[in-house]
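Respectively, the protein sequence lines represent chains A, B, C, D and E. In this text, residue positions in the first sequence follow my numbering: the first is 1, and each later residue adds one. In this text, residue positions in the second sequence follow my numbering: the first is 1001, and each later residue adds one. In this text, residue positions in the third sequence follow my numbering: the first is 2001, and each later residue adds one. In this text, residue positions in the fourth sequence follow my numbering: the first is 3001, and each later residue adds one. In this text, residue positions in the fifth sequence follow my numbering: the first is 4001, and each later residue adds one.
These aren't lab readings, by the way, just hints derived from the structure by calculation. You may find that some hints are simply not true.
With a straight-line cut-off of 27 Å between C-alpha atoms, the simulated BS3-like cross-links for lysine-lysine are [what the hints assert, rightly or not]: (1) A/Lys25 to A/Lys105; (2) B/Lys1092 to A/Lys111; (3) C/Lys2117 to A/Lys368.
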Amino acid sequence: MNFLSIFVLIPVLMMVGLFASNNRKQLLTVMTIGASLLMIMSATLTYMYLTERAAGNVAEMLFMADTVWYAPFNIHYSVGVDGISVAMLILSSIIVFTGVFASWKIDPLPKEFFLWFSLLSIGVYGFFITTDLFTMFMYYEIALIPMYLLIGIWGTGRKEYSAMKLTLMLMGGSALLLVGILGIYFSSGATTMNLLEIAKLHNIPVEMQRYFFPLTFMGFGVLGALFPFHTWSPDGHASAPTAVSMLHAGVLMKLGGYGAFRVAMYLMPEAAHEMAWIFLILTGISVVYGAFGAIHQTDLKYINAYSSVSHCGLVLFAILMMNETATTGAIMQMLSHGLMTALFFALIGMIYGRTHTRDIRLMGGLMKVLPFLGVSYVIAGMASLGLPSLSGFVAEMTIFVGSFQHTDTFHRVLTITAVSSIVITAVYILKVVGKIIFGPIQDKHHEELTDAVWYERVAVSVLIVAIFAMGSAPFWISSMIGESVIPVIGQLIK
Amino acid sequence: MDYSSFLQMREEFSLLGVMIFLLIFDIFATENARKYFQPLALVLFAAHTLLNIIPRDAFEVAGGMFQYVPMQTYIKSVLNVGTFLVLLQAHKYLNDFDKGIKKGEFYFLILSTLLGMYLMISSGNFLLFFIGLETASIPMAALVAFDKNNRRAAEAGAKYMFSAVFASSISLFGISLIYGSCGTVYFSDLALIMTNANPLQIMAFVFFVVGLFFKISLVPFHLWTPDVYEGAQTNVTSYLSVISKGSAVFVLFTLLVKVFGNLVEQWQPILWVVTVVSITVANVFAVRQKNLKRFLAFSSISQAGYILLAIISGTALGMTSLVYYVLVYVFSNLAAFGVLSVIEQQSGKVQLDDYNGLYQTNPRLSFVMMLALFSLAGIPPFAGFFSKFFVFSAAIDQGFYVLVFIALLNTIISLYYYLLVIKAMFLTKSENPIELVASDGAMKLSLVICTLGIMVIGLFSAIYNQIAVFGFGI
Amino acid sequence: MQYTILILVLPLLSFIFLGLMDSKFKPKTAGLIGTIVLGIITALSYYTAFEYFTMYKVEGVYQKVIPFEMEWLRFTDLLSIKLGILIDAISVMMLVVISTVSFMVNLYSLSYMDGEKGFQRYYAFLSLFTFSMLGLVVATNIFQMYIFWELVGVSSFLLIGFYYSKPSAVAAAKKAFIVTRFADMFFLIGILVLSFYTKTFDFGVLTGENPIVFAAGAGATFMGFSVLSWAMALIFIGGAGKSAMFPLQIWLPDAMEGPTPVSALIHAATMVVAGVFLVARLFPVYYFQTPEVLHGIAYVGAFTALFAAVIACVQTDIKRVLAFSTISQIAFMMVALGVSGYEGHEGTGYMASMFHLFTHAMFKALLFLGAGSVIHAVHSNEMKDMGGLRKYMPITNWTFLIACLAIAGIPPFSGFFSKDEILAASFEFSPLIGWLMTFIAALTAFYMFRLYYNIFWGKDYAVKAAAHGHGHDDHGHGHTPHESPFAMAFPLVFLAAVTCVAGFIPFGEFVSATGADYHIHIDMKVAITSVVVALISISVATIMYRKPSTTPDKLAASFSGLFKAASNRFYIDEVYLFITRKIVFNSISRPIAWFDRHVIDATMDGFANTTQWVSIRIKSFQSGQIQQYAYVFLFGTLLIAALILIF
Amino acid sequence: MEFLTSFFSGPVPVEAYLAVSLIMFFAGVYGFLTRKSMLMILVSIELMLNAADINFVAFNRYLYPGQFEGFYFTLFTIAIAACETAVAIAIIINIYRNLTSVEVGNLDQMKE
Amino acid sequence: MAQQIIFYVLAVIITVFSILAVTSKQIIRSATYLLFVLLGTAGLYLLLGYNYLFAVQIAVYAGGIMVLFIFAILLTNKPGENVKTELPIRRIVAGLTSLAGLAFCGHIIYWNVKKISVLTEMADITPQQLGRMMMGTDKYQYLLPFEMISILLLACIVGAIMVARKR
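Kindly generate the complete structure, drawing on both the sequences and the hints.
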């Protein structure tokens, strides 16, 4: 049993445990233990990874393991992690952990909820540990489909419509992706599905790359909320229950960026070079467009969803800059956005649970009655607009500095465009904070609200601590990621 | 005249033995003994399935009229398993219907069609093939009209009969032209003769192949499918949709490669177009269906389109993927039909709206149904995902990128309508959902097998790899 | 000088501690913790200044000292954010200014903010601000400065919005944050451009002797200007945002919504001069690489100074008067930098700017604290609610007067010396600027004394109160205003004392562009001119405002256009409002939101609807008629055969 | 004219048989598509099957006289036709019992 | 010459009655025309020298199938009752399509079939030979299909009885 497979095994065992549980208490026990184990595992993994690296292991991936699965297609169950995956695993563990606490009182059908939730986790963890194209795609889809039921059953508002839209659009993305993956496999000689080996072969003809790169990139881009395929995001996030929004915006959208980088760019560097400008424009639009879109919204979740479009756009944007710094920044932005957007959604869920509205026009002065949530919301907002010492800053700055190092003027001008998003972000964040957290209380019913209870505090505090930790001491995570993007970047600038 | 060579046809003879035994038993058994007809039949059939599950070396019988290759054992086993599941699901119905007097006919007819499919699969000559085709379709018409006092079933029987006969007439005409242009109806000889793309041969091929398209129910030869599926008794429908179709796709693949291999330039575009049209049209129709049986009919048409992706590749990879796909399809579709049939038998409800809120009252059935639909839609980790992936791979391997792309876009539509059912069961609240449905032991067994199949087949690669051992096997 | 790290760490700890404990402390305890920490920091700063100015002078030039530096975030091999402490003359000077004012404000607030809800939070934020501001001034590289720059911005946001349930305070906080953030964006872009060409963030390298770092960007131009000019101009915009230069000044008057001590600390003495400090920090770059930008700074500064001074003359809210005065004075500093040379005598402007920064911080803080004292007493910001307060509040009166004299440039108060140097430098640069600045100095004297008289003289407060009959009955302080308690009075007295003596500090010996000694010598011609002009202005103000008179109204009537425009701050706010509401919100954001819903989303929905539509349209194919089925069958067969044979 | 004489004077070509069978086949198709009674449709089907039979026989006799493949094909096809007819008539009778009509247009309960 | 004439006569009979069979308004007439067609076909078999086939055709078709038809017609229709007329538009469309198909297939067949108009001499097939072929298991021998068609017949009988019987 490979060490990494435990990450997939734990959620599987959680599902078994959930299946055997009879009441909410048992369910929560299973979930808490499982989520804590995952946290511990990712901490252990990080420690082991860093020790191994410090010991001078320079392999591209560590803790590799490989088992033949479907021999005729060269499908292997192969796992391995580098700094990027480790970072993503940490993120996933944090989000899953906090997600459990955020859905402490989920109703109805708690058992089913947690079952689907665990299935989703399987997909997420599997995606990040695998190095095999097929398995990666499989996990990717595993992570998608529970969304439908999670949103459809436990969601709010136009949940059925949103769930359907989200599922179909993401499946559309994965349809593009599948063609891309198969194309990669067959045009690289159909000898291996292993990412690293394909990259080493580096023999996909450029004219084939021209077809498969956009397909793959767009396929992952849909999940990464690439303009104009982002419209599932506002509706989906708005309707999803708290923990699902957290997991989806926090981790699932990262699958897009991670995949675009790991698969599309890594395996098809020539086409990436040729076509980057198209996607740079699209992502540039995403960044600014998402931010402007957020200004006009009145629903908290919509605001945050558009904000995610903007932030995730920045991830893809930075990846396409194809230099080490920008890419490192992109990965850090994934991490940072995951944390803060999860925090946002957690808080929005908690506020919604109390006020029963998410319309910013109907709320105000919550700081007075909900000081803990209020302060946390402000912190989340500050992280989102890139306040130094919070995670958003380090990520965005790395991206901006990195992108600006590009020697081409076009890229630098685009970077400046992207930089402008920090102001727009400030506008909508402050608009919300000023309206609902500060200001006078709008609704006199809100005066009787009670502040966060312990499990909510756990969820929120963990996220805030993580945001602060990353924002204040970015060095180790940045270097961990930085040295892991080198092989990919090396491929790209070869 | 050495008849002993016939003994090599083990599958056929063992099936024939079961048939004859059951027929005689049905006719001559006492009223008391007849109670044991179904268990006995099931046991016998299971034994037949198990006995014939090991592939043997290739051989020929009757001067090449009957050709066996090991791959055929797999497809026959798949059909056996499917038939077994159908019989399990029909258990209760047969006991209840008409006080159970028509069990014997049901079994005999089903098994004779199965025998016909065996012949189609193993034939090495158009004559035997045509006999097999007819054996697989004429008794089927009687089966469709099994519930004959039901107007819908009668109507479905007639529709199936006339459509099938029309198709086989055209097919026969095609065969006659093939004979006319090649001078033989032996497959092995034809493959050698049919080298240059003579227009007559091409036309003959088209006339012939549409007969198979009809059986697979590909657009535009599919129009009978929903009507017949809707009207026929549910277990017959499931048999029709799974077994009949499964055998036909295998045969289509074999014939295209074995006989018409030299016309590949011609049949690939045909299949290309038919695949695209089938998947798309079926999906577009399915979106609107309110009756679940019709719904599954259109779904099965589009599934057939996906199977064509494996056929169009015409490679060993495609063959393996095809058999695998059929296997997975058997489990998935039969799970769906099993749920459908148990609910229909108890409550008489087959409309989509009736399924609203099913999860509240029948969580297990809803769960099985959901797994089945997810598998059909190709969602991991269920088996359907793997089978879809493999057929796509097989097609991409031969460079059919655009085709696969179109097929993949269609999966979105198909996902949409599968989700509609899931939505009804899980999301929509209902005032009066279907009450708790109790299924009998046989049905439970079949659903358990199906569920296991859906969950396990994909994750255990041994099955695919085992099929792949015989690669092409034509 | 390792201990300087404590100057940063202590307030940070204080912030975290107070922030986390929040209401677990009694308000007084929290206040005392904050104040004591600040006291320690002040002591440390003084000690640092002492040590630095006595020990780090090598061959007559003050050295730059970096006692502490660590890599915080690495971008590329060349570019990384380091956090460190850079000790040189201006940063030491800033340390002293900030810690002093901050300490005074902390002390003052103990009494001023007594009984306010969120007292603990207030002290936490003050600590945060102090931390950020100190971090800003000791930054070793431009990115560190940017980091603290942002932190300063957010502390300012939090403090302005301290009364968060008051919509106007929230709006002001938002405005302050967004406007400065907008400027920061240019700052950031400037940093990006600069670092792209120079491959460094480090101040030491940028301002060092060796201009080789600029070689890469030397030839490059963008839209007709050299890229370095762009970079430095963009960086200046960042500074302009914080320092409220035209046209980014709009946030500062609104920021007066915050508690008055905060205004004193942030919006008068420390944060708003960050822009000046930034330009001073990068002065060698401006001077040697992009002199045209430096001149631009001078012109922007001059215009802002004039603009703000004119507005200050007609404002009626005393804090706003002070706010515009602040803008005007900071603009003075900018002008001084803009007109400055580098070495020796030519560096007058630089030295003057820093000197004025120093003195201004003291007397402007004094003015604000005094104003706070007044507001505390009368519970209003409006001049019309005041008058004749000198009888009730003698200490406030005297200290306020001293500050007014200082800002008006009357010797021997500190303002005279620093302003005189600025004027001298301006005259050297160009007589036009010189005279303009002199005129503005006159305006300064006028509006300050207008303010002074309106508060402390004029119609008696009690009479006014009786006449208006409002504003006092609502709260429990009674009718008579009274002098402030010790905690508030002490800072006033202390700062007044500093204002009195600061002018005699031989500032040039400590701070100059090159680090070498610079001897201040007062240019008598300029000095006399300015003093005379100031005295005339004061006299005019005395005539107009000492006693209640109708002259101001008449004047206002005769210049009604100008008066109205100035009272409305020349409608700059409205322009901004137009840009944000009408253009950004309504012309960009709303269309985008609409586009997203009705075009992009509708396209996606369109696919679904089209499928449904097609589905309904083609249902007639499935007619239920076998013969039609057969027809389709036949047709399909023939079609396939025909197609395959034809093609 | 010459064409006609040569046509009648020469030996009967295989095309002539094929022409007959083709006409018969498409007559059957026409009948299938247009007749209202199911029995008539069945008649049409017989025509179509019979047409194929003629083909087999003619091809066998003219082109491939060596073996009897077409011959036997026809033989078995006749048997199959008989089976088809039997079951089809059974089904038609069943329909008649249910609907008291053998009109094919009445089979429209299931559609769309 | 006689052969030709017989052939053309048969051809005309088959063609005309085929068309009549599918266009006649009276169902019983249709059945009768079909009988003529089948007999004509039998004649063609005879013409080509396949006497055995001729016999089977007469026996099975004319003897068996036609009886079934007549029986069914009598069961379901009053004799002489006219079949309802169809929509003319459908007839035209179907007719045109059939004609198009005819033309198309005719064209393809005519230009691609091996043009042999001379009958090779064929040795008489004795019943023994036929029987041996029917019972043989080698190539060109037909025991296997023979057995299988018996199963088909059995299945069809079972099916037909099941469907047709009253209960």
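Hints versus structure:
In summary, the hint linking lysine 25 of chain A to lysine 105 of chain A is supported, as the alpha carbons are separated by about 11 Å, within the 27 Å threshold. Proposed proximity of lysine 1092 of chain B and lysine 111 of chain A is contradicted: the alpha carbons are some 33 Å apart, above 27 Å. Between the alpha carbons of lysine 2117 of chain C and lysine 368 of chain A the distance comes to roughly 11 Å, so the proposed pair stays at or under 27 Å and holds.
The structure fails to meet hint 2 from the earlier list, while all remaining hints are met.
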